[in-house]
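Participant: Below, each chain spelled out in residue letters.
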Amino acid sequence: MPEPIVMQAAPGSFSRSETLGAQTAQGLVELDARGSHYRELNQKLYELVQRGAERIVLQGVAGQRYLGTNLRKQVHITINGVPGNDLGAFMDGPFIEVLGSAQDGCGNTMNGGTIVIHGSAGDILGYSMRGGKILVRDNVGYRVGIHMKEYESVRPVIVIGGTAQHFLGEYMSGGVLIVLASQLGPDEYHPTRYVGTGMHGGVIYLRGRIESAYLGKEVGQAPLTAEDEWLLQHHIQEFAQCFQTDAEYLLRGPFVKLVPLTRRPYGQLYAY
Amino acid sequence: MGWARVENRYHDDKVYDACGLFGFMDTTGTRQGGERIVAAITNMRERGNGLGAGFAAYGIYPDFAEHYAFHVMCRNEQARSELDSYLRKRFAVVHDEPIPYRHVHGIIDPPVLWRYFLLPQSAQMVGRSEEDYIVHQVMTINSQMEEAFVFSSGKNMGIFKGVGHPEQIAEFYNICDYRAYLWMAHTRFPTNTPGWWGGAHPFGLLDWSVVHNGEISSYGVNRRYLEMYGYLCTMRTDTEVLAYAADLLMRRHALSAELAAAVFASPLWGELEHMPEDKRRIYRALRQTYGPLLMNGPFAIIIARNGEMIGLGDRVRLRPLIAGIKGNTLYISSELSAMYLAEPGLEHTWIPQGGQAIIGRLGEPAKLAREHALQAACATELNYA
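Here the protein sequences come in this chain order: A and B. Everything in the first sequence is counted per the numbering used here, starting at 8 for the first residue and increasing by one. Everything in the second sequence is counted per the numbering used here, starting at 5 for the first residue and increasing by one.
Rather than coming from a laboratory, the hints here were simulated on the basis of the structure. Quick caveat, the model's predicted, so the values are computed rather than measured. Any given hint could turn out to be false.
[Said to hold, decoys possible] Here are the simulated lysine to any residue pairs, SDA-like style, with alpha carbons at most 20 Å apart:
1) K224/A x E277/B
2) K224/A x H207/A
3) K156/A x P272/A
4) K264/A x G205/A
5) K224/A x L272/B
6) K224/A x W273/B
7) K93/B x R49/B
8) K224/A x E275/B
9) K80/A x G100/A
10) K224/A x G274/B
11) K224/A x R365/B
12) K159/B x K330/B
13) K224/A x H278/B
14) K330/B x G107/A
15) K330/B x P272/A
16) K330/B x A69/A
17) K93/B x Q148/B
18) K264/A x L231/A
19) K224/A x V320/B
Input sequences plus hints: build the corresponding full structure.
Facilitator: Written as structure tokens, this is what we have:
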């Protein structure tokens, strides 16, 4: 199991990182999730955190939803099994590590904290995400980053090691989406279509190339600035450290930067 | 007033669902009990609300493999005896019996449930093929008898469904006692009708069965088109059109599952433009010919018949559907967790591209389903640590 890496929402500035979960024996709790309904399981987690648990290891998770939703503390939770939909929904603070894949809606309206997935994730990852960070080692489904937003210095980040399915960054209005497509060679093209449809804020970085016909009508490609390079370097190094992969290879790019063409793509839709 | 209208009191013909689906098929034809399908569908508790659940199982009646197995539900004994005499006039009834069930807490007012093993009598078929005769009789019963429905009418297969949670319906029908090589299950979440026994999934006709999550927004045009071919929609749920459309396209018009999927979830016009010419001609012709069978709106479905299981989602993937394989068994599910409960040793799991069919066939290696999926422009493999 890789060492937990902490990337507590550090909006705007990427210097503030802190180590979570002092690994003291009394802080570590193991919980068997088998047969528990999600309400019961989330209640148990809540009570454990209230009582000061710093590291919780869940065993046998099988589709329980909303895990981590109401925990407003910096607790480290490791999930064995398959967590259900809306993992970390509205989450604000915890560090969740999934040793496997996540289902749909992971990070829904998440406010802060980190989710690390040692596998793949399903559709609408980071739906309406407002802050915090999600790292996915492999691939993701449809509409990742849909309605993701940012406010002043609070800027959510999603880094995906593999590729994404269609409608990546749909209606995105803020935040940072990085797709590393590590299985693609530097001159290979992303299979993802309708990228950034309806996008009106935030930024998407794709490693590799993309056909312009696959982009949504509301996005355009922009050249990378020094600030972009610095941001990519920061997030990719963190990603590589987390999943023990080669940052240098990934950093070689090339990268495509996608930004919205307008802040209000549909402003004139019903105005004639 | 008919039974459907009593139980479906707002007279809705279209129900908005947020359901859970599960299906698996051993492509070698080895039969197994229902425990795993019950565990899988029960796990997706949040996807249903207790107002409908059901199972379809293939290979369960080997002793009557060549007979049409009619599962019927009747509102009362009188309706059952009317249906009984109707069937005996039109078929050779080889065997009939009550569908075994047990009382389950929470399952209230079940209908009278009976099964018949039938052979059509050729003198009465008057120019129809055997299958068309069955379709005609099922349509006649379901549209004209107000208190009796045939909800399963295929050979060597059966649908078991009702109002309740999946674990209750499974217990009610003793689902674990049946042995099938292809299992399908559904848990239903109707949001604006009370739900009724006939409206639970799967929907069937001949050996077709369909489970569905979502909403067929094109129900009106689909239904009108199917009526021209003699299919009458009587179950007051949009899913019904899928069963009839499958029968029309894949049995009567002999389209492959791949082509039928391209009718239900046709590639967008913009995608047609980017296809190679020969492929574009086929897909354009399908769209021109079968435009009224395009299923619009958000959906994920599993369609099965003897020897074949097809999973399909809408073109822009507005409902979840994932696939997995272990050995020669193909799994299709709304959620990954349920699939792992049914088979902890899954070898591969993937998210198909919207509109891309997942197809399992008897006698074909299950891995073909994965190979076809990965040839699509954008399927996501789910890797497991």
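Participant: All hints, please: hold or fail.
Facilitator: Going down the list of hints, with the structure as the test:
1. K224/A x E277/B: 17 Å, holds
2. K224/A x H207/A: OK: K224/A and H207/A at ~11 Å, within 20 Å.
3. K156/A x P272/A: Roughly 16 Å separates the two Cα atoms, so the pair holds.
4. K264/A x G205/A: Holds - the C-alpha atoms of G205/A and K264/A are around 16 Å apart, at most 20 Å.
5. K224/A x L272/B: 16 Å, holds
6. K224/A x W273/B: Given that 20 Å is the threshold and the Cα spacing comes to 16 Å, the pair holds.
7. K93/B x R49/B: Violated: K93/B and R49/B sit about 43 Å apart, past 20 Å.
8. K224/A x E275/B: 15 Å, holds
9. K80/A x G100/A: 5 Å, holds
10. K224/A x G274/B: Holds, at about 13 Å.
11. K224/A x R365/B: 40 Å, violated
12. K159/B x K330/B: 27 Å, violated
13. K224/A x H278/B: 17 Å, holds
14. K330/B x G107/A: Since the Cα atoms of K330/B and G107/A sit roughly 17 Å apart, the hinted pair holds (cutoff 20 Å).
15. K330/B x P272/A: With Cα atoms ~46 Å apart, K330/B and P272/A exceed 20 Å; violated.
16. K330/B x A69/A: Holds - the C-alpha atoms of A69/A and K330/B are around 19 Å apart, at most 20 Å.
17. K93/B x Q148/B: 16 Å, holds
18. K264/A x L231/A: 7 Å, holds
19. K224/A x V320/B: 17 Å, holds
In summary, the numbered hints that this structure violates are 7, 11, 12, 15.
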